[in-house]
Amino acid sequence: MYPFSAGLYAPRNRWYVAARSAEVGRVALERFILDEPVVFYRTEAGEAVALAGRCPHRGYPLGRGRIDGDAVVCGYHGLRFEVDGHCSHIPSQDVIPPNCRVKAFQVAEHWEWLWIWPGDPALADLALIPDHRTLGLTDPDWIKRSPLYWQVEGRYQLLNDNLLDLTHLSVLHADTIGGGDVAGTQERHEEGDGWVRSLRWIPNAHVTDWVRESRGIEGQVDREIMLTFAAPGFHFGHDRYFPVGSDPATATPLLDIRIFHAVTPATQTTCHYFASSAVDPATFELSATHPPDTASASASALKIFTEDVDAISEIERLLGAAGTFEEVRLRADVHALRGRRMVQEMIRAEQLSPAAAKVPDGH
Amino acid sequence: MYPFSAGLYAPRNRWYVAARSAEVGRVALERFILDEPVVFYRTEAGEAVALAGRCPHRGYPLGRGRIDGDAVVCGYHGLRFEVDGHCSHIPSQDVIPPNCRVKAFQVAEHWEWLWIWPGDPALADLALIPDHRTLGLTDPDWIKRSPLYWQVEGRYQLLNDNLLDLTHLSVLHADTIGGGDVAGTQERHEEGDGWVRSLRWIPNAHVTDWVRESRGIEGQVDREIMLTFAAPGFHFGHDRYFPVGSDPATATPLLDIRIFHAVTPATQTTCHYFASSAVDPATFELSATHPPDTASASASALKIFTEDVDAISEIERLLGAAGTFEEVRLRADVHALRGRRMVQEMIRAEQLSPAAAKVPDGH
Amino acid sequence: MYPFSAGLYAPRNRWYVAARSAEVGRVALERFILDEPVVFYRTEAGEAVALAGRCPHRGYPLGRGRIDGDAVVCGYHGLRFEVDGHCSHIPSQDVIPPNCRVKAFQVAEHWEWLWIWPGDPALADLALIPDHRTLGLTDPDWIKRSPLYWQVEGRYQLLNDNLLDLTHLSVLHADTIGGGDVAGTQERHEEGDGWVRSLRWIPNAHVTDWVRESRGIEGQVDREIMLTFAAPGFHFGHDRYFPVGSDPATATPLLDIRIFHAVTPATQTTCHYFASSAVDPATFELSATHPPDTASASASALKIFTEDVDAISEIERLLGAAGTFEEVRLRADVHALRGRRMVQEMIRAEQLSPAAAKVPDGH
Chain A
1 MYPFSAGLYA PRNRWYVAAR SAEVGRVALE RFILDEPVVF YRTEAGEAVA LAGRCPHRGY
61 PLGRGRIDGD AVVCGYHGLR FEVDGHCSHI PSQDVIPPNC RVKAFQVAEH WEWLWIWPGD
121 PALADLALIP DHRTLGLTDP DWIKRSPLYW QVEGRYQLLN DNLLDLTHLS VLHADTIGGG
181 DVAGTQERHE EGDGWVRSLR WIPNAHVTDW VRESRGIEGQ VDREIMLTFA APGFHFGHDR
241 YFPVGSDPAT ATPLLDIRIF HAVTPATQTT CHYFASSAVD PATFELSATH PPDTASASAS
301 ALKIFTEDVD AISEIERLLG AAGTFEEVRL RADVHALRGR RMVQEMIRAE QLSPAAAKVP
361 DGH
Chain B
1 MYPFSAGLYA PRNRWYVAAR SAEVGRVALE RFILDEPVVF YRTEAGEAVA LAGRCPHRGY
61 PLGRGRIDGD AVVCGYHGLR FEVDGHCSHI PSQDVIPPNC RVKAFQVAEH WEWLWIWPGD
121 PALADLALIP DHRTLGLTDP DWIKRSPLYW QVEGRYQLLN DNLLDLTHLS VLHADTIGGG
181 DVAGTQERHE EGDGWVRSLR WIPNAHVTDW VRESRGIEGQ VDREIMLTFA APGFHFGHDR
241 YFPVGSDPAT ATPLLDIRIF HAVTPATQTT CHYFASSAVD PATFELSATH PPDTASASAS
301 ALKIFTEDVD AISEIERLLG AAGTFEEVRL RADVHALRGR RMVQEMIRAE QLSPAAAKVP
361 DGH
Chain C
1 MYPFSAGLYA PRNRWYVAAR SAEVGRVALE RFILDEPVVF YRTEAGEAVA LAGRCPHRGY
61 PLGRGRIDGD AVVCGYHGLR FEVDGHCSHI PSQDVIPPNC RVKAFQVAEH WEWLWIWPGD
121 PALADLALIP DHRTLGLTDP DWIKRSPLYW QVEGRYQLLN DNLLDLTHLS VLHADTIGGG
181 DVAGTQERHE EGDGWVRSLR WIPNAHVTDW VRESRGIEGQ VDREIMLTFA APGFHFGHDR
241 YFPVGSDPAT ATPLLDIRIF HAVTPATQTT CHYFASSAVD PATFELSATH PPDTASASAS
301 ALKIFTEDVD AISEIERLLG AAGTFEEVRL RADVHALRGR RMVQEMIRAE QLSPAAAKVP
361 DGH
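Protein chains in written order, with the working numbering: chain A, 1 to 363; chain B, 1 to 363; chain C, 1 to 363.
For reference, chain A alone in the conformation it holds in the complex (with noise of 0.2 angstroms):
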């Protein structure tokens, strides 16, 4: 499906973000995962499951079950699934089915995020999961916020793509992160395996009046904006600024934020939009001038993501509504194409390779 090929939608051999740590607990969870309910909830001791969200009995959602010690026990007709997924006990009979189970998804929770294996448990690797140390996530010496977080009314790589694309910001962020001429400086694009990178000096900056109030820079500024999307769907980058005339190679920025982004596939046409950042303690922001203030700086944050998730969901709209979409392509766009084919080239990979791309039915 656009933007992909008729048929592709989504690698499912891949890690993603499914929630943010807080939001798992011991209460059921429900969240759609490339199109299939999963239910969430932590185990006595505190550890994350994500199993099938729909018990194999009846159909009957587990999001709506009851956790009782470590298992997730189905709200209609009370079988009771252990964190492996096998079916532990059914009220009216005492042989299991062999049959009897749920799927149980590999998860991995870094910093204040869950991620998930959607594919084969066999293949999930944990050094795909991008390294959070070097991100500044599980850094001590930076200020990190709390991932926002969005249903977003729209497939899932549209989202991508507006994170492929920054010369947005001039205009659908032209009142906050716009600064500067975004889009009419050529990005310098840099790839590797199952990566992307786009990279942006900006001389001579004027900062927006959104960033004046909530991130304390005044007047004209060097800027430099890097994103990496690691396939296929995590993007992290920075957006620096330095005094007008600085050596990028040497410079000390007034304000460095590190930006992280985790999209997830929901159902075909909506996904999950998480979004955080984080800050070194030395900037300007955090001085005794510029209290570090989350909650007003999250508010601020806000308005940004808004705007992409409306423009997600508005384009979506269309492609529910009108017919078919032809894209014209233009020179910007290449970077943001390469990402694209990067997570298309995944699902072809992964239709090649039944073995691997089969979704493991859990027995």
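Keep in mind that the hints were calculated from the coordinates and are not lab data.
Glycine included, every Cβ here is placed at the ideal spot set by N, Cα and C.
The reader is advised that the hints may include incorrect statements.
[Unchecked claim] Only part of the chain C face toward chain B is listed, based on derived beta-carbon distances under 8 angstroms: (1) D161; (2) T167; (3) V171; (4) L172; (5) A183; (6) A321; (7) G323; (8) F325; (9) V328; (10) R331.
Got chain A; can you put chains B and C on it based on the hints?
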């Protein structure tokens, strides 16, 4: 469609409860029955009428029409249809085309509900409606509660399945009618021509607070639950409480509640649900200590039914949003699957007998 | 699709009313026309512009864009489209790809409404728009009422059918404009190239309370109703009240109301509806006793239109929810069916003439 084989929906040449008597009067009522709109009203003499609910001229719903004498008059161009479905007046012309008519359904009113035969009127056999005197519904010796009604956001067989597998009482209704180990008690299955029956004797069952408060039963009891499914959409039975140690063959119950459920396909994925009950006036519930407070008892019963209605809509939600569903079958499903197959056989038999199965066109 | 043959929707190379003039200004307005989004706005000089409403780059709705000078600027990445649909600016690059453009629709503004030609702009013939001077819409001697507008939840031909069969006045509008036996009065049918006309003379017609109160007519009248359908979506005519016993050829009406309806396909199952009227200033309604109170008259007229809009949405509801529909045709449908076939022939003619019918891609 699930839980039947592909392409199978519902038997047409059978009786279904379409409405509560009090809902049908001198104002047109539209209700979908087996995926078609039907208009219900009463003649001046009070006879219930059911006609196909769409004017054959330009498709305006007759349920938005006006009742005039014994006829319904279309609200758009004024075509008038009599109780047998023939058109008796067209404001713009004197000659009535012979094909200008709507199907008239066979209906039968018993006690407080109206039955409809969606299929060929010529095949409608009143003897197929369960005997209401035997059921206690027209027996003056029993105190009846007027039926409750829900439009359920789930396909009808999910509700039949619910009523065919009472092991859910111990879980979904744990706080209300789930007293005693219903799920753990082996049921006795009986069946005959067009019906299946489940019977359970649960010795030394605890009573829930809900039963104590709403039914005046204290301490432990021996409990007998019987439910007969008269396919394709009627369930009747009883819930009896005896002193512990009773001989089921001879004992007199402390409380005897007769229960009645009617399930009728509305659209492909919704259904009508009617539920009622009757009590032996000699029982404790109606004693001086526990006066028969119908309003309070109904309010109390609402909680139980709401649990079922919610469960069915949750299953339907996943059937619509998630992929295809393959059931795991349990031992407790033997009875339910017999009932389900009975409905499926009724549908199949109609398909094999086109004369009987065809939807009469009313011409 | 009903009421046309399968696969037939609407003629594209025809004029339709797209908007009331006052709705189109210096803020982008999105409206679906024949199942495609269109963005409407005005240039600095006040000229109305209609462009395909989806940015060809990433599919963002131009109806959410910003009007700047004579252009619309996409709200996502800032692409700028001029009145002829060509892209004049891309913030991220200097060269404009030749395929980076949107279709520009031919529009024509007459009186208080804006006409659009959804098909091939090269074929747009202004002479096909009914002469507004003749209609009384640009005639200074007539008092016009500004058009009312509804987005109707029903396919456009249902509304055309409604206006083509005035026998519904006696039923649906019995309390307002249904005075006299409209349904029982044989209409005179006339037709020409692209139009059909219905004419009725109803002697000795009673006037409803509604006509008495809103139009100042008392007692019995001779009434003349004429409505011409200029396919595929414009209806104009008059509703005249004469003293009883008048000679239609020579009599002066007590009241002469010219009526105008425009019906435009929005999506497959919704349409736009515009309705207006004009009154001879010499008529009683505008006398000293009945001052021309446009606001009150409009409020009064709203009731009539709401009855039609409700009827169409009710028919559409059943077309969507119930099975396929086969019409029974009445004698009074002869005129309506001629009008409907005229529209169908227009669609068919476009399909047989691919050059004329193809949706221009704007290149």
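C/L172 was flagged as interface toward chain B. Is the shortest Cβ-Cβ separation under 8 angstroms?
It holds, given that the least Cβ distance between C/L172 and chain B is near 6 angstroms, below 8 angstroms.
Take the shortest C-beta to C-beta distance between C/T167 and chain B; is it under 8 angstroms?
Since chain B brings a Cβ to about 4 angstroms from C/T167, closer than 8 angstroms, the hint holds.
Quick check on C/F325 please, does its C-beta sit within 8 angstroms of some C-beta on chain B?
holds, 5 angstroms
Hey, does the C/A321 contact hint survive, CB to chain B under 8 angstroms?
holds, 7 angstroms
When the nearest CB of chain B is found for C/A183, is that gap smaller than 8 angstroms?
Cβ of C/A183 sits 4 angstroms from chain B, so the hint holds.
Hint status (Cβ of C/D161 to nearest Cβ of chain B, threshold 8 angstroms)
Since the shortest Cβ distance to chain B is 7 angstroms, the answer is holds.
Is the interface hint for C/G323 satisfied, with its Cβ closer than 8 angstroms to some Cβ of chain B?
holds, 7 angstroms
Given C/V171 was flagged as interface, is its beta-carbon under 8 angstroms from a beta-carbon of chain B?
Hint on C/V171: holds, closest Cβ of chain B at ~4 angstroms, below 8 angstroms.
Can we keep the C/V328 interface hint, with Cβ of chain B closer than 8 angstroms?
holds, 4 angstroms
May I ask you to test the interface hint for C/R331 with respect to chain B, counting a Cβ-Cβ separation under 8 angstroms as satisfied?
Where the cut-off is 8 angstroms and the nearest Cβ of chain B is about 5 angstroms from C/R331, the hint holds.
Hint compliance for this structure: no hint is broken.
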